[in-house]
Structures are given as C-alpha cells and as structure tokens.
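K.L.:
Residue numbers (full-length UniProt numbering), protein chains in the order written: chain P, 1 to 425; chain A, 1 to 425.
Some hints here could point you the wrong way.
Here are the simulated DSBU-like pairs of lysine-lysine, each with C-alpha atoms no more than 35 Å apart in a straight line [claimed, not checked]:
(1) Lys317(P) / Lys134(A)
(2) Lys118(A) / Lys178(A)
(3) Lys93(A) / Lys261(P)
(4) Lys87(A) / Lys178(P)
(5) Lys261(A) / Lys292(P)
(6) Lys311(A) / Lys311(P)
(7) Lys178(P) / Lys112(A)
(8) Lys319(A) / Lys311(P)
(9) Lys93(A) / Lys317(P)
(10) Lys319(P) / Lys134(A)
Here are some, though not all, of the chain A residues that point toward chain P, as calculated from beta-carbon distances under 8 Å [stated by the list, open to error]:
(11) Gly91
(12) Ser94
(13) Tyr266
(14) Ile273
(15) Lys317
(16) Tyr369
(17) Arg371
(18) Glu375
Hints in this document: simulated from the structure, not taken from any laboratory. Note that beta-carbon positions come from the ideal geometry of N, C-alpha and C, so glycine has one too.
Number of protein chains: 2
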Amino acid sequence: MIKLMDKWRITNRLLNHSSKLIFDRRLSANSHNSVFRSALEYSESLVKRGFGNASTIRYRCFGSEATKFERNAAFSTLNSEDVSYFKELLGEKSVIQDEDVLLAANEDWMRKYRGSSKLLLQPRTTNEVSQILKYCNSRLLAVVPQGGNTGLVGGSVPVFDEVIINMGSMNNIITFDKGSGVLVCEAGCILENLVSFLDDHGFIMPLDLGAKGSCQIGGNVSTNAGGLRLVRYGSLHGNVLGLEAVLANGDVIDMLGTLRKDNTGYDLKHLFIGSEGSLGIVTKVSIHTPPKLSSVNLAFLACRDYFSCQKLLREAKRKLGEILSAFEFLDNQSMDLVLTYLEGVRNPFSSSMHNFYVLIETTGSEESYDREKLEAFLLSSMEGGLISDGVIAQDINQASSFWRIREVPNFNSIYYPCVQDYLNL
Amino acid sequence: MIKLMDKWRITNRLLNHSSKLIFDRRLSANSHNSVFRSALEYSESLVKRGFGNASTIRYRCFGSEATKFERNAAFSTLNSEDVSYFKELLGEKSVIQDEDVLLAANEDWMRKYRGSSKLLLQPRTTNEVSQILKYCNSRLLAVVPQGGNTGLVGGSVPVFDEVIINMGSMNNIITFDKGSGVLVCEAGCILENLVSFLDDHGFIMPLDLGAKGSCQIGGNVSTNAGGLRLVRYGSLHGNVLGLEAVLANGDVIDMLGTLRKDNTGYDLKHLFIGSEGSLGIVTKVSIHTPPKLSSVNLAFLACRDYFSCQKLLREAKRKLGEILSAFEFLDNQSMDLVLTYLEGVRNPFSSSMHNFYVLIETTGSEESYDREKLEAFLLSSMEGGLISDGVIAQDINQASSFWRIREVPNFNSIYYPCVQDYLNL
C-alpha cells in the first residue's frame, strides 16, 4: 500500500507528467463547433416547446472555446521503427494497421468526429500498457486510449494521428468476493459481460446504460458514466473502490483497494474517475456490486408538462423510497424519433402523443409488496393529475421494449444535457 | 465554474502550496507510540479471544514510522503583533487566549494527545479564513484546523504551538432544495443540528455517528467519516456534491456544485475528502440527503462466533435487501466495558454474556411489512444457527438504548480498526 508521503509525491508527479502528451488534444475534442451549435439551438427550442421559463436554464459549455485547432508540431510522426518496436513488444497480432479496423476505430459512435490514426495497439497486460506509454513518451508520440468507443463527445477517437491504445484485450475478471460483493477486473471488460458474470452469483453492477453491450468498465470509469441506476446507487465515485492506472510516462499506480469503508486520504483514484484518460490509462478496476433483488417492476408513464415530471420525481423518491431504482425521462420529439426510426418499437400508449414520458423502475425483494406499492403510487399520481396515462410492464419482454425506447443513446446526448442538469437526479 | 485548464492548474498549485505548513505535523500526529502498541496488543488478543485464524488478519499502520519528532524550527513563534493583527481582522471576541478554552482545545477527546497552542481563532466567513491563512503563510506560522474536536487519532489538536483555527462559528445553513434534497451549509455546522433541520423537511443526513452532538460537517468531510449508515448510503465520496475550501496560502477554491449527476473531471473535491485539512480548510459543503422514511426497526442480536457475524452480514444484505440501513458489531469485551462504565446501560439479554453482538437496523416506508420481514429474517437466522439470541426494539427509547451501547466511541477506535477492515462493509 502507498504511504501518505508517497501519495503526495505521486499526486504531484502524476499531475505534472500527465497530459503533456494528451491534454491539448483532449481540450480540443470537446470544443467541436457542431456541439456548441446544438446546445444553443436546443436552448432556443426549449422555449418553443413549452418548457416555460426554459430561457433561464443555465447550461455550461466545457472545454476550450477555441473553434479551430491544429496538430501540435511538437509531437512526432509514427515511423516503421516504432511499428517494429510495438510488434516485438506485443506480437504481430496485437499491432493493427488494417485499414478497415482503423477506419472504425478512428470514428466515434455518432460519426461526428474522425481521426486519422495509422496504428491501433491491443495490450493484454498492465505491463504492456506501461511499456507502450513509456515508449510513446520517449518518442513524443501522441496516444489516445480507447475502450468500447461508445462515447458521444469524441473522447475515445483520435483527433489527428494519435496511436490508439485499445483496451479490449484486457478483459479478465480477476477476483469476485461473494461476501463483500467486491469485483476486481481488467479495464477492458465489457459492461454486459460483467452483468452476466455477476448475475450468476446473485449480484448486479451499480451502473447500467444503453451502450452496455459494447462499453467497457475502464471507459465507464474514465468518463464517470452515470447511467440508469444513479438515482439508487449513486455515481462511480461512491462505487469504485480502487483502480490501477498507468501514467503517461509508463509508471503504474496501484490504488486497487477493495475495502468499502476505507476513509484514508489522499484518495487519488477519484482524480482518474471522469478524467477521460488525460491523467493516465485505467487498467484495473475494483467495484462494489449490490446484491441482485428478485422483484423488478417497470412503469411507462405520460405527463402533460415538464414540471409534472419534476414533481413526479420528488414524489417517487418519497413514496417509493427504498425500492425506487430508476427514473428516466423523454419528451415527445424523442419519442417521435424513436417510433419513426427504430424498428420494432411501439408506443406503449394507444392514445395520441403526450408531451413527456417517464420510466419508473422499482427493485425490491418481494414481488407482491413492490407491485402493490407501485400501483398505489401510480393511482395517487393519476388522481393528483401528475400523470395522464400509465402502464406497468407485464413481463420481461414488455419491460425490455420499454427500456429500448429510452436507451437509444443518440437522443440522450443531443437533447438532454440541459434537462438532466435541471432534473438534478 | 472552473474550466478544465484552470482545474488542472489549481490541482498543481494546491498540491505544491499545501502542506508546506501543515504536512510535517500531520504525519507525526498519527505515529504516536501508544497507538502502535494498542494495535499490536489487540492483534495478539484476537487470537486469545477465539478469532480462529486472526493471526492472519493484516492490519495497516498509517503515517510515518518515526517515533520521535521535534518542532520544525522553520516555523515562526507567535508574537503580540500577530495577535493584534488577528484582533483587527476578526474582532476581540473571536481571538481566544483564555487558558481554560485553550486547555480544552489543545487536547483531543480521548486525552491521548496534547498540544500547547497559545491562540484559537474563530473565523465567521470564508474570507476571514482566507485572510488568516494568508497571514499565517506569510509569517510562517503553523496552523491546525479544528471542527468539533471529536476525532480519535489526534488530527484536530496541535502537536506543538500551532494556531488553532476553530470552525464552529461558521455554522449557517446556506440553502436546502426540497426537490433534489441537496443541502448547502457552512463547515462548522454540527451534524446533529443538520439532522434536526432536515428532519423538519422530511430528509436525513446520509451519515450518522456517535459523536453527532459535537462533530461538525467540515470535520466529517475532512476525515471522510464513515459512520453507521455507510452500508446503505455509502461513503462521503458518493454523497458530497461540492465543497468550498481555502488553501494554505489563502486562495479560495469554489467547487460548491449541487448537481448529483455531474460527471465532469477533474473532480478536485475528492482530494479534500479524507485529507484531514492537509490540503486546505473546508469552509462550505454541499451534500445529497435522502428522504426520511417513516418505518425504522432495530434488532440487537447475539452471535456465538465471529464468522457467524460475517455470514449474518451477507444474509442481511441479501434478505433485508432494500430496507437494511445499518449493520454494526461489538464483542463481549466491549459489551463488558459498556455495562461496567456507562451509566444506565442495560444488557438487552437477560441470559449470560455472549461472544459477539450485532445491531441490525432497517429503514423503509411501511411499518408492518418491514417488521414482518425483519422478524422472518431473525427467525431463519436463529434456525440456521447464525444467532443465538435476539430482541427487536419495541419503541424509540429502547432503540436509543441499543444504539447507545454501540455508539460510545472509545471502544470503536481502539478495538475495531482491524475488525472493520475484515468485515468490509
């Protein structure tokens, strides 16, 4: 374990070392012109769409305000010697120059950002990640870490010709303690695979999101992904117990604790949660997982106006209390888009379109009690005028189809940042 | 709001600046000889007291291993000009030189550590804290921040003649948002006062501990206090949404966000959580508070051996699931001490002493359901041999008397660090 004075030195070192290679690029990635345009347009459209005092909603733009950016000339360009070095280090198969693979890896999920990397590396161990970064640091080669590449703000793709370090081959589960529910795994584990693994042991991941079939836990941690269970289990700052990360110069920091009640400082792992790889690459994760509870109920509701949705959240927190596990929101424009463009999705309501929709999920340990409670809540919300219509999923298939409406991620990212701020889960 | 590049600069600055004044002292405070002796003796006694393979329990000693330490000669000594400056800045009443007050402030709750400070300051605003630190930094006067002075490891008292900065006068509640449950308050607010305030609004603090009548939220944050509700609501890293802090040079860092789903990095506030004032003094806190649920049940149980306690925790997490709100533990030696030295405390069991005791609290929204569930859990635990006896509190008075047995803090600190690590809530 790292001692206090060492921690202090490491903190200094990591903040000095890091991001010399990566930082400039990261700032630029978030400042893409089109993103700013979307946010402004959205703000205006809020008013048109009946959000009332929406014009007073404050939204924040992160990142540099520069609208044009150029490749930093201080970085080197990849040459054949570099490629040879990586082949010797990782083996031929883990050094990818195939154009089709690179085409996909250079582009984000939304196809909004495109880089021109000529090389993708697939390390299998922390040591390999360390060696790669040490070499790139000494050669001044820019790098970009990449998990499932499901991010929506261009953080996982190169801006110019950075070397892509793909974490997908580091996908082993290291330990799982059934007693404490603590899972330790490599950063490249796909979220859905972890969900399946835990399911066999009677546990769940404390986060869940639409991209679970592709996104990786290392990327989740690096972007501090919130997801659908935040209202119940809180953010990753509360659930991640430990991390192992490799700094830009190749140094490995072992912060892979497994104790939930560890209250010692400085708790450096929190700097890596949400720092999007700019301080180092997360290679291992230790996370607290809650026991799986048997009874899950899902309701799809319609609201007349936005403020009813807000009030509904307050009421749900109070009246469903300990069994509330998700509260998600979408508006009629999003619903319209989903129904138009997504195959096999049906409107849960037979009547005409409503203004807003809310999904409420409860999770508890007794089916009949939970169901009764949810039904009573819906009844009182209907009587109180908070909801205009509502339906409870009758089986797992119907529940999946409800979730599908909300999980389609491109609607989340473009339309909801301000609204999510405002709802303040 | 702080922009990304600014955050990076601030992180560097704060880690460079900080602790020049405070760090040496802090390391020393934790390395008091008697603490080490206690830990070693305890480890040996574990084996004698039937913990089975207790000899393999790993315990960690934090802090420097130096056993002797001297005052750093680089620090100045307080003079009358300093006192005059502070009187002008804060007013006569907030500059304390009274010997009786200083005697109490120089000593920790356990009377294990004693300093010799000649001055206690009581700032009322962030600006006053800033001015004090700026002055002390320029004059090279060592300082120690002090909250409720309820800590058990000597972190809140001077080692030598540091100026004590007592935060008790910064005790205002700034805002409370009933919709989101977000409380923003000054660091000197006493935990119990916050509990009472929230109670009126139907909310609770996500942490609770025996010292609540004296400890302050700023101290809770700085020491990353765990407390009795951690099993349900997790650590302060998950619940604290924002902080304001003053660095050693007087700079104020405003990280006082109120958005629960804020996933942006670098989230610098986490460095202050658990850093015990060594990076700066926390002046304001923003914290997420859960709604108060009406039904609380408490059971006091007896277990034959330690491993039954561990198994009971696993079972409680699974079978009480969403209503489990506390799981606390004590052994027969502690019980013996409590019964001997604490007035008015009775053994909840009429029979002879048991080896171990466990308190289980449930919190939910429906009395009859929760009670039924707890009773069923106790019955199955009794049948399975996990518990040898058990009693459910019949009213709030009995519940308080049960809690009193566990909350007496001197037993926690000396006897339980290893065991808490081992139980791994």
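K.L.:
All hints, please: hold or fail.
P.N.:
To see whether the hints hold, each was checked on the structure:
1. Taken as a hint, the Lys317(P) and Lys134(A) pair is broken in the structure, with Cα atoms around 44 Å apart against an allowance of 35 Å.
2. Between the alpha carbons of Lys118(A) and Lys178(A) the distance comes to roughly 43 Å, so the proposed pair goes past 35 Å and is violated.
3. With a C-alpha separation of about 40 Å, the suggested pairing of Lys93(A) with Lys261(P) is violated against the 35 Å cut-off.
4. Between Lys87(A) and Lys178(P), the direct Cα distance comes to roughly 59 Å. Violation of the 35 Å bound is thereby established for this hinted pair.
5. A C-alpha spacing of about 23 Å is found between Lys261(A) and Lys292(P), which places the hinted pair at or below 35 Å, so the restraint holds.
6. Annotation: proposed proximity of Lys311(A) to Lys311(P) is violated, straight-line Cα distance about 41 Å (limit 35 Å).
7. This hinted pair does not check out: Lys178(P) and Lys112(A) have alpha carbons roughly 39 Å apart, beyond 35 Å.
8. At most 35 Å may separate the alpha-carbon atoms for a hinted pair to count; Lys319(A) and Lys311(P) meet this at roughly 32 Å.
9. The hinted pair formed by Lys93(A) and Lys317(P) fails the criterion: a straight-line CA distance of about 45 Å is larger than 35 Å.
10. As the CA atoms of Lys319(P) and Lys134(A) are separated by approximately 49 Å, the hinted pair breaks the 35 Å bound.
11. The interface hint given for Gly91(A) is broken, as the beta carbon of that residue sits about 34 Å from the closest beta carbon of chain P, more than 8 Å.
12. A least Cβ separation of about 29 Å between Ser94(A) and chain P goes past the 8 Å threshold, and the interface hint is therefore violated.
13. A hinted interface residue such as Tyr266(A) counts as satisfied when its beta carbon comes closer than 8 Å to some beta carbon of chain P; here the least separation is about 5 Å, so the hint holds.
14. Look at Ile273(A): its Cβ gets to within about 7 Å of chain P, closer than 8 Å, so that hint holds up.
15. Among the interface hints, the one on Lys317(A) holds; its C-beta lies about 5 Å from the nearest C-beta in chain P, closer than the 8 Å criterion.
16. The beta carbon of Tyr369(A) is positioned within 8 Å of a beta carbon in chain P (closest approach about 6 Å), and the interface hint is therefore held.
17. Look at Arg371(A): its Cβ only gets to about 13 Å from chain P, farther than 8 Å, so that hint breaks.
18. Taken as an interface hint, Glu375(A) does not check out: its beta carbon lies about 14 Å from the nearest beta carbon of chain P, beyond 8 Å.
When held up to the earlier numbered hints, the structure conflicts with 1, 2, 3, 4, 6, 7, 9, 10, 11, 12, 17 and 18 and fits the remainder.
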